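Required output: the full structure, derived from the provided sequences and hints.
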Amino acid sequence: MLRLRAAFGRDRKLVCQEVVELVTAYLEGALDPVTRARFEAHLEGCDGCATYLDQMRAIVAAFGSIRNEDLDPVYRMRLMDAFAETTGSW
14 MLRLRAAFGR DRKLVCQEVV ELVTAYLEGA LDPVTRARFE AHLEGCDGCA TYLDQMRAIV
74 AAFGSIRNED LDPVYRMRLM DAFAETTGSW
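Okay, so the sequence shown: first residue is 14 according to the numbering used here, each after it adds one.
Do not rely on the hints blindly, as some may be mistaken.
Here are the simulated SDA-like cross-link-like pairs (lysine to any residue), alpha carbons at most 25 Å apart as the crow flies [claimed, not checked]:
(1) LYS26 - GLU53
(2) LYS26 - ARG49
(3) LYS26 - ALA38
Quick list of the computed label-pair ranges, beta carbon to beta carbon [what the hints assert, rightly or not]:
(4) CYS29 - ALA71: 18 to 24 Å
(5) ARG25 - LEU84: 37 to 43 Å
(6) GLU98 - GLU41: 21 to 27 Å
(7) VAL33 - ALA74: 17 to 23 Å
(8) PRO46 - MET69: 18 to 24 Å
(9) ARG89 - ARG25: 35 to 41 Å
(10) CYS29 - VAL87: 31 to 37 Å
I should point out that these hints are in silico values taken from the structure, not numbers from a laboratory. All values reported here derive from a predicted model rather than from experimental measurement. Ideal Cβ positions, reconstructed from N, Cα and C, are used throughout, including at glycine.
The following block contains the structure:
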């Protein structure tokens with residue numbers, strides 16, 4: 014399990030940016046029990062993050078089975094560039 018307690022402070026509530034940073038680990042079941050509980054507690058009180066999680070689940074369901082070799086190399090590069098442009102923009 015992912016050990017994120019030190020990075021995210023074990024005794025305080027998570028803020029939205031932290032939830033966004035943890036969403037992939039959450040979906041993969043990689044959070045330790047304490048961080049998972051804090052993540053879920055945040056979702057209970059934050060409609061924005063709950064919606065974001067739902068959107069990420071939909072993206073994974075729609076695109077999670079696409080293999081790298083299934084993508085046209087030009088399209089793959091455009092997609093990677095788009096992700097790079099948005100990194101850290103929230």
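Each hint tested on the structure:
Pair hint LYS26 plus GLU53 holds up; C-alpha atoms about 11 Å apart against a cutoff of 25 Å. Restraint check for LYS26 and ARG49: the C-alpha separation of about 12 Å stays at or below 25 Å, so the hint holds. Straight-line distance between C-alpha atoms of LYS26 and ALA38 comes to about 17 Å, which keeps the hinted pair within the 25 Å bound. Judged by the Cβ atoms, the range 18 to 24 Å given for CYS29 and ALA71 holds: they are separated by roughly 19 Å.
In this structure, ARG25 and LEU84 meet the distance hint of 37 to 43 Å, their C-beta atoms being roughly 41 Å apart. A beta carbon spacing of about 24 Å between GLU98 and GLU41 agrees with the range 21 to 27 Å that was offered as a hint. Evaluation of the 17 to 23 Å hint for VAL33 and ALA74 yields a pass: the beta carbon distance comes to about 19 Å. Take PRO46 and MET69: their Cβ atoms lie about 21 Å apart, and the range 18 to 24 Å holds.
Between ARG89 and ARG25, the C-beta spacing of about 39 Å keeps the proposed range 35 to 41 Å intact. One distance hint, 31 to 37 Å for the beta-carbon pair CYS29 and VAL87, holds here, with the actual separation near 35 Å.
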